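Engineer: Protein sequence lines correspond, in order, to chains F and D. Using our numbering, the letters of the first sequence map in sequence onto residues 1 to 331. Using our numbering, the letters of the second sequence map in sequence onto residues 332 to 761.
In case anyone wonders, no lab produced these hints; they're calculated from the structure. None of the values given here were measured: they were computed from a predicted structure. Mixed in with the good hints, there may be bad ones.
What the hints assert, rightly or not - Covered by chain F, according to a simulated footprint, are these stretches of chain D (three or more residues, beta-carbon under 8 angstroms):
hint : segment
1    : 440-449
2    : 576-582
3    : 585-593
4    : 729-740
To be verified - Quick look at which bits of chain F chain D covers, simulated, 3 or more residues with Cβ under 8 angstroms:
hint : segment
5    : 277-284
6    : 290-296
Heads up, the beta-carbon is just placed ideally off N, CA and C, and yes, glycines get one too.
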Amino acid sequence: MDFSVLLSDIPTLLLVILGVPAVLAAYIVGGEYLVRRLPDKNRPQVRPWIWVGPALIIVFAFLGAPAIGTTIQSFQDNHGNFIGLSNYATQFADFPTGGAWLAIRNNILFWLIFYTLFALAFGLLLAVLFDRVPYESFVKSLIFMPMAISSVALGVIWKFMFWYQPAGEVQTGTMNALVTFFHHEPVAWLQDLTVNNLALILAAGWGITGFSMVILSAALKGIPGDLLEAARVDGAGEITIFRRVIFPLMMPTVVVVGTTLVIFALKAFDVVYVMTNGNFGTDVLAFRMYNLLYQSNNYGAASAVAIILLVAVVPVLVFNLRQFRAVEARR
Amino acid sequence: MRSLWFKRSLILSLGAIFTAVACGTGSTQSAGSVKVIAVWAGAEQASFQAVVKPFEDQTGIKVQYESSRDEDAILTTRVSAGNPPDLAAAPSPSLLTKFAQDGKVVALDDKIDVSALKSNYSQSWIDLGTINGKLYQIYSWVSLKGLIWYNPKNFQAKSYNVPKTWDDLVNLQNTIKSSGTTPWCIALESGSASGWPGSDWVKEIVLSQAGPSVYDSWWQGKTKWSSPEITKAWSTWGQVLGTNDSNVYGGKQFMQATNFGDGGTPMFASPPKCYMHNQASFITSFFTSANPALQPGTDFNFFALPDLSPQYAGAHVVSGDSWSMFHDTPQARKLMQYLTTADAQTIWVKRGGKISPNKKTSLDAYPDALAKQTAQILVATQIAKYDAGDQMPSDMKNAYWKAVLDFVGNQNSLNTILANLDKIQATAYK
């Protein structure tokens, strides 16, 4: 390791270590000083803005301003000329195979439906089943563990699991070792157009199931035991209790987890990038944006895809936040 | 409440410190060093570091090398953030050319010794690096494409002869196929560049079949993909692949799923799974790293892809590593100058896998007879054309690579694929 670079930057480092807290302290003290000079009744109106001010500025600088820039760029060609909606027109051209349609199909038909259902169904199933066993916490940690892996590592691991060798060769990929054990021809999981999207979703779903499981499990634990007791006394079977008591009570949490998963599904990127690079009909919107930006250097088109994605995500996001607040309010 | 405020302000200020430090270290030019980005990792990185070692020892200038397999994305980001490296070497010049057109890289005409360069390099390499009359890129190592690798022992065992003409090649391929083995090994997986090994096939066929002027107007976007010449090149490759890719080991699944570096390995299985593999000269290092016992010449050898048309005999597609300068510093100039010398290039040539474009590099420097033979072919090539895909705008190039994957997936969809490429061609060159 070469530390000479660090050494040469010691003055900058010192300035930052001492300077940033000093500026912050000065801002707070100065702000408070100004607020105190205001009439009493105006203070509560001004003070919050002084405190959230820095956060607002940072959010605007790093989120708001780029979003506005992206929107503007989506109406421009590569040389900065205004070209109206034609970037969007290219993305929506030639249904069903051209433009961004393939990516939209994969995002909506495959990721949004299968990924969300997969993670939600398995998360719920595991949460409910493990609720009844003594070794619950151990198993739950195991299921949650993939969350600790970066999704790139996850993609690489599953790429090995899906490894393909022609029939007759030794199958080093776990999945193909399994299918050939049952005397089936090996499957090119990531290249075969009929299974590859589901293969990607299986890999991504494996990584996220732990997330939905722990949240749903927490909601399950929040259901009062006397309710279940009462249902049992009334003669309800376990399945009826789940359907009529547990599930309705968990519904708000299921909706929050579900919408969060929908957002994850819409911005799916890393698994696709690592495992197939969007080839063989597995392109998704976020990856298309990346490709248009870095591979094609087509800034306008990339911005248009980014805005399409944003427009798709925002309603889900708003719904998710409202629902989340509703759940919080009920507590 | 108070402790929460304290924690938050601490997090904020720490965040600010890290950001500032990250920016600070990024933009400061520490004296006596050159920042370099290239794609070489592993064995190739070791070779590059061996090349710069004497330079560092002599000048005391430190070369800070950064390797990235996703170089295009890294360079684009860093250039638009105003934080590029001093020098970058790219395996394809299209992004560097775009930087040159946008004025992001430094013209080298008065930065290095151009007269020495002119006496040591053939004019075609200098022309390739010249954009709008100024020299922006310099080639340090080059490779020859369109080499058909085979295992001489396997050929001997079956008494196959090295084909001299295209008809010989087609006959040989049919003979091998009738003996129950697939003639070819082809592997197309290469991360975000998946498909390129197949694009080599197509461009070699275009150059040899339709000639250099069609080749040039094709990559320049003036000849359509659906034109008779280009369509014919694809269907000629389709004949090599066979119906439903039946001439290729493992069919389309193996081609699409296997990394290009592992593509030739089945040739060395016993019994061989295939007999021929088309790849540039660098592939030998992949052969020997998979099977260290393999000896060049006895276990693997090559012949140049036979001419498709006598009119354009001896036409070869070449490619190379091109260098561009982002920051004009004395250290960067010195390193750039050093990289053009035969001394520097010979170091990697001796380690294998590369050919030097410098005429002063001795043929004896090549580590084996094969490498020497490749270098001789490169020197003697009558029609040398740079990789067409690498000269296309990146939009076009990426579509070309994807088209290869689609084509091997379903050869019958050729017309749709080419029509789609035409559509991209119509916008990509603007």
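Engineer: Take the hints in turn and mark each one as holding or not.
Structural biologist: Status of each hint after checking the structure:
Requiring three or more residues with a Cβ within less than 8 angstroms of a Cβ of chain F, the coverage given for the segment 440-449 of chain D is violated, as only 0 such residues are present. Coverage of the segment 576-582 of chain D by chain F holds in this model, with 3 residues showing a Cβ closer than 8 angstroms to a Cβ of that chain against a need of three. A stretch counts as covered by a chain when three or more of its residues have a beta carbon under 8 angstroms from one of that chain; for the segment 585-593 of chain D and chain F the count is 4, and the coverage holds. Counting residues of the segment 729-740 of chain D whose C-beta lies closer than 8 angstroms to any C-beta of chain F gives 4; at least three are required, and the coverage claim holds.
Against chain D, the segment 277-284 of chain F contributes 3 residues with a C-beta closer than 8 angstroms to a partner C-beta. That satisfies the three-residue criterion, and the hint holds. For the segment 290-296 of chain F, the assignment as covered by chain D holds, since 6 residues bring a beta-carbon within under 8 angstroms of that chain's beta-carbons and 3 suffice.
Comparing the model with each numbered hint stated earlier shows that hint 1 is the single one that does not hold.
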